[in-house]
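S.K.: Each chain, letter by letter, is given below.
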Amino acid sequence: MQDFDIVIGLEVHSELKTNSKVFCSCANKFGQAPNTNCCPVCVGLPGALPVLNKKAVELVIKAGLTMDCEINDLAVFERKNYFYPDLAKAYQISQLVRPICIGGHIDLKDKSVRLNRIHLEEDAGKLVHGTQAIGTLIDYNRGGVPLMELVTEPDISSAEEAVEFLTNLRQKLIYAGVAECKMEQGGMRCDVNVSVKPKGSDKLGQRTEMKNLNSFKSVFRAINYEANRQMEVLRNGGKIIQETRKWDDNHGKSISMRKKETSSDYRYFPDPDLLAVEIPREDVETIKKSLPLMPDQLKSIYMNEYGLSEYESDILTKDKELSDYFNEVVEHFNNPKEVTNWILTEVLNRIKDEESAEIKISPCDLAKLLKLVEDKKVTRTNAKEMLTRIWENDENISSLEKEYGGRVDGEELKSIVEKIIANNSKAVEDYHTSDTPEKVFRWFTGQVMKETKGKANAQKAEEYIKELLK
Amino acid sequence: MNLKDLSLIDLAKAIKERKISSYDATKYYIEKCKENAHLNAILEIYDDALENAKIMDEKIANGFEGKLAGVPVVIKDNILYKGKIASCSSKFLENYVAQYNADVVTKMLDAGAVIIGRANMDEFAMGSSTENSAFGITKNALDESRVPGGSSGGSACAVAAGMCPVALGTDTGGSIRQPSSYNGVVGIKPTYGRVSRYGVVAFASSIEQVGPITKNVKDNAYMLEVLSGGSEHDETSLKMDSCNFLLQIKGDIKGLKVGVLKEIEDAVKGLEVEKAYNDAKEFLANNGAQIIETSIPDFKLALPCYYIIAPAEATSNLGRFDGVKYSKRSQNAKDVDEIYIKSRSEGFGKEVKRRIMLGNFVLSSGYFDAYYNKAKKLQQKLKNEAKTVFEKCDVFILPTTTGEAFKIGEKMGDPVSMYKEDLFTILTNILGTPSISIPFGKGKNGLPLGLQIIADNLNEGVIYNVADFIEQNLREV
Amino acid sequence: MSKTKITIEEVKRLADLSALEFTDEELASFIPEFENILHLVDEVKNCDVGDGQIDYPKHLLCSLRDDQVKESLPQEEILKNSPKTKKGSFCVPKMLD
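Residue numbers (the numbering used here), protein chains in the order written: chain P, 2 to 471; chain A, 13 to 489; chain C, 20 to 116.
Excised from the complex, chain P in its bound form (with noise of 0.2 Å):
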């Protein structure tokens, strides 16, 4: 059977996080009541015109930063014209000839990605199909929301490739505070470019396109689809016609979508309502200045600097969040090895078991109880108690150090013990007689801790039980 390579280009869309829309004051909200985030701009009412906003414009800039593109001096927003529903002007303000961002790639683990370009475009309303009685519902609120647009070079060759690409991509944008890429929200959409071509080949095969993908699942599974769909009709001896085909993630299937042939002369030419932006060096360099740490980073400053795994260091940034929330305990409790323990343990097993992404201790709670236990001022499991409180019934931290505080040491310690020896004489005899004494020295434990309230020094406690019952 004849062997295929796969190549994959990608275009992605991502709302931008802005407060406005991008070419209207409007504001940029999901899920509102229909057409009441909605304007003569977004709308398209005779005679309103476009007004750039400039935070869209550096969101962009600041993306493409964080993946070594050049930023262009000049961009230039053009028309592109074609009627449909969901778009009120019949044209969509883009970018073609001058996009903010040109070249830059995302390092996956085993290949670079290059990019070819990324833009700044305006989003388009939302349709919703009822019934025949009903009819098609046109709500303009998502029209105007700012959509970056990245398209990669067709450097990608698997399915598991491509969606390690939108996971990196994904991370890199909600680090740089670029967007919030929330995938059921429609706030990262993906167009899937698929062809495959005899392996070695170095000529690419004719290429088929899937548009609008919402999940890293359905690119998963619409790539491998369409790529066996492509392979299997190219094995019959079949020919491959570049055309768009629907994702029927359902059915699991690619439909091919019958489509007039000028629909696709979107007659681009630069909108004569805006103004090319001019972006000095000056600028760039201020918003490059103004990015945090990227996830690569600050991987490599937990593993270098504060000794880290790898293991752990991947767990902590793969979800900005997190590694917000591990610095900023580790800004107030400066033990990133103890803090890492507790966080990957503590915290990330009751955010498991309850499935709720939310972490229910303040990272200053979570620093001052661990300064407790380095202090000894509370035992070990008290704190995980502690902990428990906060977390379930938000306790104060201040009332439950009063509560556990202070640790049963020393001589207190030992007259405790000398008096629960003296009390369990049959348990003593069984120490010595029996073949699991361990078991015995346990139950000894655990009788000091339920005395003194878990606040024995429990290292000390075993000593002294030991000690005694020679």
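Pair by pair, the computed Cβ-Cβ distance ranges are:
(1) 90/C / 239/P: 54 to 62 Å
(2) 152/P / 422/A: 53 to 61 Å
(3) 46/C / 252/P: 41 to 49 Å
(4) 353/P / 90/C: 42 to 50 Å
(5) 81/C / 104/P: 23 to 31 Å
(6) 46/A / 44/C: 37 to 45 Å
(7) 103/A / 90/C: 30 to 38 Å
(8) 127/P / 400/A: 47 to 55 Å
(9) 12/P / 429/A: 43 to 51 Å
(10) 127/P / 422/A: 50 to 58 Å
Treat the hints as calculated values from the structure; they're not laboratory data. Computed from a prediction, not measured in an experiment: that's the story for all the values here. Idealized CB from N, CA, C, for every residue including glycine.
Could you slot chains A and C onto chain P? The hints should help.
M.R.: Below, chains A and C without anything else, positioned relative to chain P:
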């Protein structure tokens, strides 16, 4: 008080000094509109105009001051006035009620104006005779067998016939100046960006401007001051405040350097306007101006350049009229594609369709570089050529039209000869520079001809000075 | 210079892009008129602009609009001129998605 001969400035003063009420003035002009209904210049007289005039009278009594306090104004039918129909003289927008105010409307209302009605025009401002209106032709105020020019034919006719002291027009390729010339009034196309386009239904965004049409030059300067000033709603508006243009009218043109283009000497030969144009040169020279021969070698290409850029932008600008959101939806449409195609085919007039098709031709793949891109490069070349003119001259002059107003129906069957109507006016839309048309001379039927005075960007003050000088002194020649 | 000719197919393609339709009679008169117009604009196609550059009107990044939300229009105002609305939305016949 005799309102008939009162200028805009004098009317504003009289209302301010409460020698006449806004109510009476508004009533007078509304009556004039009704008396002249046969000219079909005004599509609608707003039913709340008198009420608004009354409110203004109260405000004025309470000390309100504004340059247009209580002054009746007419707007072109493509300018949005909230709550009022703005149809662009198109069947498609016959019932379209503006959902917001155009910036120019806001500025006029802030200055105290009473907007009394909307004026007829060529559909979507495409045309040079107002014959392309879906609501009937407008007649020339001075000869009813002739066109008023266009596309702001209703506005120019209304001012000329005394239906209002001032009307707003829009000028994409001569649409203020040509009808002003045909009706013997004064109209200016300001510097591109001088006036906000927000709320003006777009035809060709990169070259059009709103401007005033008035009975005389000083009124025009007075009105432009109200309309000017950058707007946060329009990126292409210039970020500067308005200025007092009247202050720049000095009553003297001694030493003024007036350019005449070599290309025009040839172009006017044998035209009806030839004598008036030559008289203008002589008049200016006799009054101390220095006539300088200069050249814009590609002058003649401005016209075809315009007929690429304007339709390209129009095609895209008019896409939003699709029968979905606000324009009239075809009763015969069964699905979305039919809503688009049938609504647009039924809603748009012939000339509009022609330009949409032309725009798509010059933008479509395979033709874009040869036409649209080439036209943009040519535009830049023309701008460079004009720059050399302004290095030597304060202003240059052009005729406004080739002759006096033509007969109704005369050019309707021949789009290209209609397009050539704009031969002399289009240049400054391509350049972006300000240009005024003032009456100068008469044609063979005794109808007015116009003279354009053109200055470099933002030099409207210089233009007004020359125009006012001519207006004040021409009788004495 | 030869006159640019335009075919029926070309006109139909433009009509398609324009979302317009023409009857056969309309087309018959449209084509010669359109060719005359093309003849006019062909002067640009055939002229010499040297290595002409397009100078984009531009402004600086820092002069752009600040990212501040302003009040939107009320829903009923937005929908006011629509030929058909339902459930606070513009409405068209059901489309296949």
